[in-house]
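S.K.: Please model the complete structure; the sequences and the hints are all you need to start from.
There are 4 protein chains.
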Amino acid sequence: MIRVGVLGATGAVGQRFVQLLAQHPWFELAALTASDRSAGKRYGEVVNWRLDVPFPKEVADIPIRTTETKSLSDVDLVFSALPADVAGPVENACADAGIAVCSNASSHRMDPLVPLVIPEVNPDHLALIDAQRDAGRDGFIVTNPNCSTIVMCLSLAPLRKFTWTDIRVATMQAISGAGFQGVPAMGIYDNVIPYIGSEEEKMETESLKIMGSLDGKTVRPAPFRVSASCHRVPVLDGHTMAIWIDIREPVEEVRKAFTDFSPPVSGLPTLPEKSVVLLDDQDRPQPRLDRNRGNGMTVSVGRVRKGIRYVTMGHNTIRGAAGASVLNAELIHKKKYL
Amino acid sequence: MIRVGVLGATGAVGQRFVQLLAQHPWFELAALTASDRSAGKRYGEVVNWRLDVPFPKEVADIPIRTTETKSLSDVDLVFSALPADVAGPVENACADAGIAVCSNASSHRMDPLVPLVIPEVNPDHLALIDAQRDAGRDGFIVTNPNCSTIVMCLSLAPLRKFTWTDIRVATMQAISGAGFQGVPAMGIYDNVIPYIGSEEEKMETESLKIMGSLDGKTVRPAPFRVSASCHRVPVLDGHTMAIWIDIREPVEEVRKAFTDFSPPVSGLPTLPEKSVVLLDDQDRPQPRLDRNRGNGMTVSVGRVRKGIRYVTMGHNTIRGAAGASVLNAELIHKKKYL
Amino acid sequence: MIRVGVLGATGAVGQRFVQLLAQHPWFELAALTASDRSAGKRYGEVVNWRLDVPFPKEVADIPIRTTETKSLSDVDLVFSALPADVAGPVENACADAGIAVCSNASSHRMDPLVPLVIPEVNPDHLALIDAQRDAGRDGFIVTNPNCSTIVMCLSLAPLRKFTWTDIRVATMQAISGAGFQGVPAMGIYDNVIPYIGSEEEKMETESLKIMGSLDGKTVRPAPFRVSASCHRVPVLDGHTMAIWIDIREPVEEVRKAFTDFSPPVSGLPTLPEKSVVLLDDQDRPQPRLDRNRGNGMTVSVGRVRKGIRYVTMGHNTIRGAAGASVLNAELIHKKKYL
Amino acid sequence: MIRVGVLGATGAVGQRFVQLLAQHPWFELAALTASDRSAGKRYGEVVNWRLDVPFPKEVADIPIRTTETKSLSDVDLVFSALPADVAGPVENACADAGIAVCSNASSHRMDPLVPLVIPEVNPDHLALIDAQRDAGRDGFIVTNPNCSTIVMCLSLAPLRKFTWTDIRVATMQAISGAGFQGVPAMGIYDNVIPYIGSEEEKMETESLKIMGSLDGKTVRPAPFRVSASCHRVPVLDGHTMAIWIDIREPVEEVRKAFTDFSPPVSGLPTLPEKSVVLLDDQDRPQPRLDRNRGNGMTVSVGRVRKGIRYVTMGHNTIRGAAGASVLNAELIHKKKYL
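Chains as they are written, first to last, in my numbering: chain U, 29 to 366; chain S, 29 to 366; chain R, 29 to 366; chain B, 29 to 366.
Just so you know, the hints here were simulated from the structure itself, not pulled from any lab data. Careful: at least some of the hints might be erroneous.
Identical copies look the same in the list; a pair holds intra-copy or inter-copy alike.
[Claimed, not checked] DSS-like mimics (lysine-lysine), calculated; alpha carbons at most 25 Å apart, straight line:
1) 85 to 284
2) 284 to 364
3) 302 to 363
4) 85 to 302
5) 69 to 98
6) 284 to 302
7) 334 to 69
M.R.: Right, here's the structure in full:
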């Protein structure tokens, strides 16, 4: 068993990490960190558990540690659920101290030596870990993309056999993407908020790195453009998005590509039976009905029409955050980077 | 005062008609029709008023008539809030009987001789009324577009000075668009439904007719393409949409076009001070906060970005339905077609 | 394995039955009935699956039968998810034909010879089955109470050691209680509807039968009064209720009664670890966070204050409907009534 | 015209005050205060207007002042929309400086010399103003009750002719009661929160003072008991409550009392045509449909049943907060206390 920790274990994404790791076959949840004032208390005392799955009792007595390298000397890998404004230096310090860091924070995603990985899309990018080691680090950082970007890129993976240059994507994003306190009810109830800070930029840049090609120790961005329009809607979990992509092949071939998709990885505990599923009903995918497919790790696609237009949807805090990071860690372990 | 009636006065759109006509300066609400079993009762007895504005007491005692031509001999103009599956023949019969029909139903929108009009966009298309008369009719039919189409086309009107060929639009539509009973709460709560029957087709075809040019007694469709993706979101009123349009001019010129827009009509009671308003805040328009601008008749625009991308929003049952039809009737009256 | 069927298997409660029975250790799902026009098709073709748990593939190929006794000759027990207006005679016919009927419908709940049972509250009432048999029936009918009544009565069970005469209960009930189509989104969104047809009467009468005492072959109603005020709120699943009960003992004793509660049944597959759980946090129970406790079978209690006042909440379509009926069937089987 | 100010003019209740005062026939909006960092800027720059009524342009240029007595030397009366934790001393300082204070804050509500007034219920309590002056103050403080308490007490006012000793009330309260930021969407969406801090205590104590009798310069609390259970539901505006009251008269007499109610005040601009209205439909009042009756100042009552039980509902930020305070100020002015 690999000993792992979660940095920022009491927040929305932190709780998802704890849920996914409580009974993990490969990883032993050894360390949970939170703010200094919680340090020393038990996780069960400190956390205000707000997921709609029951609190995993086996983690209740884990003592909270401070979010510092010296608190983490007995773990091999940490998952970072830290907010972007503090994640950067903490993650660097961990990596310098020889710890493997799987981060959901945006701080290092676009660093040239840091892989930005979705296992089903660009597992080969993990080779950048060697570049980090060559640069003198004992540990390393691996990041997963922004939640919307993950869902979009998973839906694009089956389409790689086609040629395209322009993607337009309109998102309808869930409230949980902003954390528990992020969206006041008075703001979003009976409403749409047509703006999410930095989200469009993330979708437009991260996707090119993910789908880019590895050239030695460098990722060359993919040669297409993404134009995003991001909106918050009154949905708890599950980001839905309408995508236009200028593929010239007929709808049936595109549908077949979704159906035939087989990702280049296998044998990972968190990998769902199907990473991308094409739904036939004309009114699917729907976040409430489809977000829990594959334990929240399956991205659903539907309504493939000429254009090419389609709709895709995935669980933003599982597939788009904690689950993405855990899957990365599983791939790292399987590829023997630990 | 012009004597007017409302066909289908008890439904969602019918109630909006009654609200807008109860104290209209030009129109006297003389006739309200509903199903045969309600005929003879008073409107106040029959209607289950569900708007969040108070019931207009002055209409409570109007007796319900059947929806037949012979019941309507004393009115000059009728507003049709009938469902599409019954509107067609009833509206034809009224027009044949010499009555002016302003219809919100889709049945006759694409008929070559029937104008599909938004006063601020294509008031000249009313000339088709003469074509209908030339064809031997005593009365005539004028239609307003589908709710989403109206909001989109109003946002396009200020951009006519530019050249474009492709529009992509992703809608986030309100529940009220489907009528009171149309959307079960179990279907839409905490959810997005990425399909609205025939909505995409309507946006793609009606918009070309509206923005087309009048050539004698024929409308030549506008030479651009619309590709729509329509979605229902948990919002009561107000259709929000993200639009991409391939205009090459810089953002500032596009913004200026929105700001400078002055519609080619004036002096109509239901015409708002501004038909299109550009909002500066980066998180606007929002349906709950902006749908009632201009008494529900103003379409709001925001987030004009390079692409050109922008967001637009309008009240679907006022600007997009009953108010649109009343505004058409006002224009018809002003242009002396009655 | 007992061969069982579900009458009305495609509706909201019917789907819950199928979910709970798909992999049941004692019951084999042998028959599914629906309307005549679906008969002969496969369940997977006919059902519009709307639960947020995945469709159980093992039931997809079960052929739909008509809802008639002659279609059910090979099953030992049927669960009735029929609407109240058709359930009465169908259930009678089944019972006459020798089938055991576990019904969620209200039709026979107050029949003197039909037990109205919650296993943790009045398992002894099953003795009425013998009374039905004495009356000449080959099969029998056992009913479970209305959803709100079940939640309330489970919360009352631990309080039986105290004396009381008056209960006042204000409910905040979920949308799913009315079925998929029952509540239009335009009716309940941003709203409370302070009326649910017959609900108050059901709570006021059914609870007295359930908590009544068995006297030979007759149930003597419990000697207290219930005064209910029932309201629909915008929640998908989970009925919350505020209860006043005139118990004179101090709060701590009442809390202890909840904590110490041990139901008089055990060893039933659907019985949760705790049928009633007392939550300590002052803002619990909450439907979204607590409805899935015990796989939806646990009723949560909180905020016990002087008065005595408390709040209770349970999952209305699992604990309050399909799960209640399945638990009854398990008890019937264990008590060897089959 | 009386020159008035609003303390805390940018928050949720502050904005409601500004809305109600922008075109008031008796009061001139002369001063708006906010935090020190906003002082000197124009209101239009500083406020993030979030009401669904348009921003009143006439107030856009009013400069923001600090919330200090010395900033308020030119006003006769201030409305306090300050949070409870700062309102206490600020309001005292204003009153000491000779300013009349109409406060929505809870700080001074239970002070023996401060009247807690609903004009339609206890206008005579304003006599306590003289007691404050006798105690040496130049100005004075008048408070309005908590939002839930106001709605409940208005519904009780018509019932004063009857005798009762016990009231039980279960509330279903709107999100706006907690201010714009008060309730995270992740907390309340698809949920009920059965706890609102201090709300039950406020309903139980304030109501006795309001309905108490004035005995010289002292209010003797009313001799009944209130037992409240307060719950937050996903509704934007409008507090709904189910009330039990032990009146022995038959339902018809109670209904008649509601219908016949005539408040002991008149001629106040904000006073609605009916302060309490009895609705006949069995599914009313509903917050979304009824909260705007009487411009948000009418409290609706329905479902009067034996028990006596009934349901009441009122707009919490208008009738229950800013409108209540403005109505108090109008009464103060009319009674010549200024």
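S.K.: I want to check one pair: residue 69 and residue 98. Are their C-alpha atoms no more than 25 Å apart within a copy, between two copies, both, or neither?
M.R.: within (18 Å within a copy, 48 Å between copies)
S.K.: First find the shortest C-alpha distance between residue 334 and residue 69 inside one copy, then the shortest across copies, and answer within, between, both or neither for a cut-off of 25 Å.
M.R.: Neither. Shortest intra-copy (57 Å) and inter-copy (32 Å) distances fail the 25 Å Cα cut-off.
S.K.: First find the shortest C-alpha distance between residue 284 and residue 302 inside one copy, then the shortest across copies, and answer within, between, both or neither for a cut-off of 25 Å.
M.R.: Result: close within a single copy only, 15 Å intra versus 48 Å inter.
S.K.: For residue 302 vs residue 363, is the C-alpha pair at or below 25 Å within one copy, between two copies, both, or neither?
M.R.: This pair counts as within: shortest intra-copy Cα distance 21 Å, inter-copy 44 Å.
S.K.: 25 Å Cα cut-off: does residue 85 pair with residue 284 within a copy, between copies, both or neither?
M.R.: between (44 Å within a copy, 23 Å between copies)
S.K.: Checking an output row: residue 284 and residue 364, CA cutoff 25 Å. Within, between, both or neither?
M.R.: Neither way: residue 284 and residue 364 sit 34 Å apart in one copy and 54 Å across, limit 25 Å.
S.K.: What label fits residue 85 with residue 302 when the C-alpha limit is 25 Å: within, between, both, or neither?
M.R.: between (30 Å within a copy, 15 Å between copies)
In terms of the numbered hints stated before, the structure departs from hints 2 and 7, listed from lowest to highest.
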